[in-house]
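Q: If you want the building blocks of each chain, they are given just below.
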Amino acid sequence: MTPVDAGGPALREFVENLKAVPRRLKETAFRTGPPVTDRTRSTFVFGNVFLHLHSVRTHRWSLRWTTTMGLGIMTFAAFLIALVTGVMLMFYYKPFPDVAYQSMKDIHFVVPTGRLIRNIHRWSANVMVIGVILHMARAFYTAAYRRPREYNWLIGIGLLVTTLGLSFTGYLLPWDQLAYWAITIGANIAQSPREVTDALNITDYFDPGGFQKLLLLGSDQVGAEALIRFYMLHVMILPLVLAALMAVHFWRIRKDGGLVRPPDADERLTKKRAEETYPVFTEAPAKTYHLAAIVRGRTPNVGRGPENTVPSMPHLFYAELGVLMFTLLICVALSLVSDAPLKELANPNVPENPAKAPWYFLGLQEMVSFSAFMGGIAIPAIVLLGLALIPYLDRETKGTGEWFGGPGGWPLVRLSLLFGLAVPVLLEAFAIRFGWLREWFPDIPQLIVTFINPATVLTAIYALYSIWCIRRYESARAGALGLFTCFLCGFLVLTIIGTYFRGPNWEFFWSPADWPQH
Amino acid sequence: MTTSSKPPRSRLDPDPVPRRDWLGLSALWTAGGALLFGMIGMLKLPKAAVLSSPSKKFRVPLPETLAAGEAYVPPGRSVALFKDAEGVYAVSTICTHLGCVVKANPEGFECPCHGSRFLADGTVTKGPAPRALPWLKVSLGGGMATIDEDTVVPPGTKVS
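These protein sequence lines map, in sequence, to chains A and B. Numbering of the first sequence is given in the working numbering, commencing with residue 1 and proceeding in unit increments. Numbering of the second sequence is given in the working numbering, commencing with residue 519 and proceeding in unit increments.
Hint data in this document are derived by calculation from the structure and do not stem from the laboratory. Be aware that a few hints might be false.
Far from chain B, by Cβ distances over 10 angstroms, these chain A residues were calculated [stated by the list, open to error]:
id, residue
1, Leu214
2, Val368
3, Arg395
4, Trp468
Chain B is faced by these chain A residues, among others (derived, beta-carbon under 7 angstroms) [said to hold, decoys possible]:
id, residue
5, Thr28
6, Phe30
7, Thr32
8, Thr37
9, Asn347
Restricting the straight-line Cα-Cα distance to at most 27 angstroms, the calculated cross-link-like pairs of lysine-lysine (DSS-like) are [to be verified]:
id, chain 1, residue 1, chain 2, residue 2
10, B, Lys565, A, Lys94
11, B, Lys621, A, Lys343
12, B, Lys562, B, Lys574
13, B, Lys655, B, Lys562
14, B, Lys655, B, Lys676
15, A, Lys105, A, Lys398
16, B, Lys575, B, Lys644
17, A, Lys356, B, Lys562
18, B, Lys676, A, Lys356
For each residue, glycine too, the CB sits at the ideal point set by N, CA and C.
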């Protein structure tokens with residue numbers, strides 16, 4: 001008689017259950033078994049709260065490398081990396097002036113792997129900014145903003161602004177010279193509507209600029225209040241906003257019928273690989289319409305196989321995982337070779353010279369060096385408004401889902417690239433060589449300098465060029481192609497000039513080696 | 519007897535019930551109004567009644583020897599003091615463009631951030647600065663100068 005038998009049937013069952021715990025744990029966690037058949041692959045997707053944002057099957061067109069180049073997933077992956085490393089940094093970071101700087105020094109020199117984590121955080125933020133811009137360019141050039149995806153394009157613009165806001169608020173936290181003066185400049189850009197209200201002599205009654213600066217800094221200069229506000233925005237408010245917008249963005253992709261594809265995508269895919277058509281069902285389904293749900297239309301697709309779609313597990317998920325790993329590789333590799341900068345402790349009496357914002361704001365900084373209000377507020381607002389209006393002004397259908405699709409096509413984009421690069425280069429060369437209105441007419445009223453400067457002239461030329469494109473090709477899409485390409489070129493040229501060719505006192509230098517010693 | 523041209527509504531898509539609608543809508547508007555009212559109160563939170571910035575009024579000893587046109591910047595302050603035959607005056611050294619601290623040079627001031635240039639009396643000569651550097655209120659007493667950064671005086675106001 002063994003001791004177990006002595007315990008009676010209840011105890012015996014208890015021991016049996018105990019022995020079965022590992023197996024049952026696995027069964028209950030992975031309820032549908034390994035995803036090896038199409039049916040278990042389907043239940044794998046819609047039985048999982050994190051995966052069911054994807055549809056069970058994915059169109060083969062969506063999985064082509066050239067459809068998205070993985071840019072949206074790359075941006076999301078960079079956000080996840082920044083989120084994880086950011087939470088790690090929060091354990092050591094203390095948001096109070098001077099103490100903040102000391103805690104950054106601790107993270108950099110004392111905390112084990114602190115420097116690497118900070119570097120990854122900084123590089124993933126950069127990857128996220130690049131990713132969001134390239135992803136927007138992809139969506140634009142494949143005309144993915146068209147019906148029914150107009151609303152998702154607007155959400156995307158919200159994500160662009162929130163991403164830039166996250167970068168900007170993160171910039172103050174190290175509390176070094178770079179941070180202090182970049183945020184001083186940023187806060188005064190928020191105050192720059194005063195440039196207009198002062199010229200009109202109405203600042204005493206109507207002062208939106210002063211209110212914006214006060215709201216941002218909680219004081220009239222960058223101090224403890226400003227630091228805690230930027231910290232709260234950076235670690236709490238903006239990430240929540242971003243997460244909410246991302247949830248809507250991803251959800252809309254699915255509700256709008258997956259990724260954009262040309263109307264004849266099915267024929268093209270079948271023509272190209274007629275002999276190797278992917279088998280839709282690897283086993284005869286017990287009920288054909290088991291998973292069918294009518295979202296739009298009148299009848300379920302009984303008897304017509306969903307051609308050219310493949311199970312999301314594994315095809316889509318492995319692709320996404322690949323992009324995630326690639327993004328992680330980029331961030332870690334860059335972090336190993338390049339350290340995030342940390343200058344001297346912030347000094348409110350001596351500005352950094354030159355005081356430069358993060359690279360993606362240097363195009364803006366180049367424009368505010370002509371006029372704070374136009375360059376820092378009015379032109380960015382016009383650009384964002386223009387981007388938001390694109391899907392409502394281009395109601396055409398030709399070229400949807402094609403790279404550079406629509407009237408004009410690639411030749412128009414090529415021409416716009418040349419035009420968009422040449423105009424800002426020539427304008428900047430002229431302004432650097434000959435000066436601008438104030439140098440020619442010292443007593444000129446400020447309002448004229450505000451409204452007529454290289455940045456506004458550039459914006460006007462781009463707008464006129466876009467109108468020319470609309471007339472030349474008789475198409476709003478052609479105008480959008482021209483304008484968007486010009487916008488990317490202008491951003492690139494101004495950012496490069498601001499990054500590499502501006503030195504102390506924001507003067508032009510061919511190379512940092514020519515900067516005067518001070 | 520006339521027949522309605524409208525198709526009959528189904529059980530799933532009934533006619534609106536005005537009374538219920540009215541109750542529901544008024545409940546929604548009440549909830550929305552209450553939330554909005556609370557939000558207006560919360561909007562005051564970010565704007566403190568007293569700003570935490572250091573005092574804008576300070577006293578500095580006036581240097582004995584200060585050549586006309588030569589700027590004296592008290593340590594830790596963003597004000598330039600001048601003294602000539604007509605008296606003493608103070609010019610703010612915070613750039614009117616984007617708030618950087620301008621540096622005194624023999625001609626006047628230059629801004630390190632975006633290259634604005636000013637004459638010694640604050641007038642803009644070059645760059646994006648929209649306004650002249652303001653003159654600040656100075657009062658003298660016992661070899662000391664009291665400067666009030668909050669009070670702007672018309673250019674040319676010199677005290678002796």
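Q: Find the nearest Cβ of chain B to the Cβ of Trp468 of chain A and say whether that gap is larger than 10 angstroms.
A: About 30 angstroms separates Trp468 of chain A from the closest Cβ of chain B, which puts it past 10 angstroms; holds.
Q: Next item in the hint list is Thr28 of chain A. Is there a CB on chain B closer than 7 angstroms to its CB?
A: violated (38 angstroms)
Q: Verify the interface restraint on Asn347 of chain A: the C-beta must sit less than 7 angstroms from at least one C-beta of chain B.
A: violated (10 angstroms)
Q: Mind checking the CB of Thr32 of chain A against every CB in chain B and telling me if the closest is under 7 angstroms?
A: Interface hint status for Thr32 of chain A: violated (34 angstroms vs cutoff 7 angstroms).
Q: Checking a non-interface call: every C-beta of chain B should be farther than 10 angstroms from the C-beta of Leu214 of chain A. Is that right?
A: Non-interface label on Leu214 of chain A violated, nearest chain B Cβ at 6 angstroms vs cutoff 10 angstroms.
Q: Given the hint that Lys655 of chain B pairs with Lys562 of chain B, test it: the Cα-Cα distance must not exceed 27 angstroms.
A: It is violated: about 32 angstroms lies between the C-alpha atoms, which goes past 27 angstroms.
Q: Would the hint linking Lys655 of chain B and Lys676 of chain B be met if the CA-CA limit is 27 angstroms?
A: Given that 27 angstroms is the threshold and the Cα spacing comes to 9 angstroms, the pair holds.
Q: Are all C-beta atoms of chain B more than 10 angstroms from that of Val368 of chain A?
A: violated (7 angstroms)
Q: Next pair to validate is Lys676 of chain B with Lys356 of chain A; report whether the Cα-Cα distance is within 27 angstroms.
A: Violated: Lys676 of chain B and Lys356 of chain A sit about 37 angstroms apart, past 27 angstroms.
Q: Between the alpha carbons of Lys105 of chain A and Lys398 of chain A, is the straight-line distance 27 angstroms or under?
A: violated (56 angstroms)
Q: Starting from Lys621 of chain B, check that the Cα of Lys343 of chain A is at most 27 angstroms away, please.
A: Holds. Lys621 of chain B to Lys343 of chain A sits at ~21 angstroms (cutoff 27 angstroms).
Q: Please check whether the beta-carbon of Arg395 of chain A is more than 10 angstroms away from every beta-carbon in chain B.
A: Non-interface label stands for Arg395 of chain A: nearest chain B Cβ at 31 angstroms, farther than 10 angstroms.
The structure is inconsistent with the numbered hints 1, 2, 5, 6, 7, 8, 9, 13, 15, 16, 17, 18, although it conforms to all the rest.
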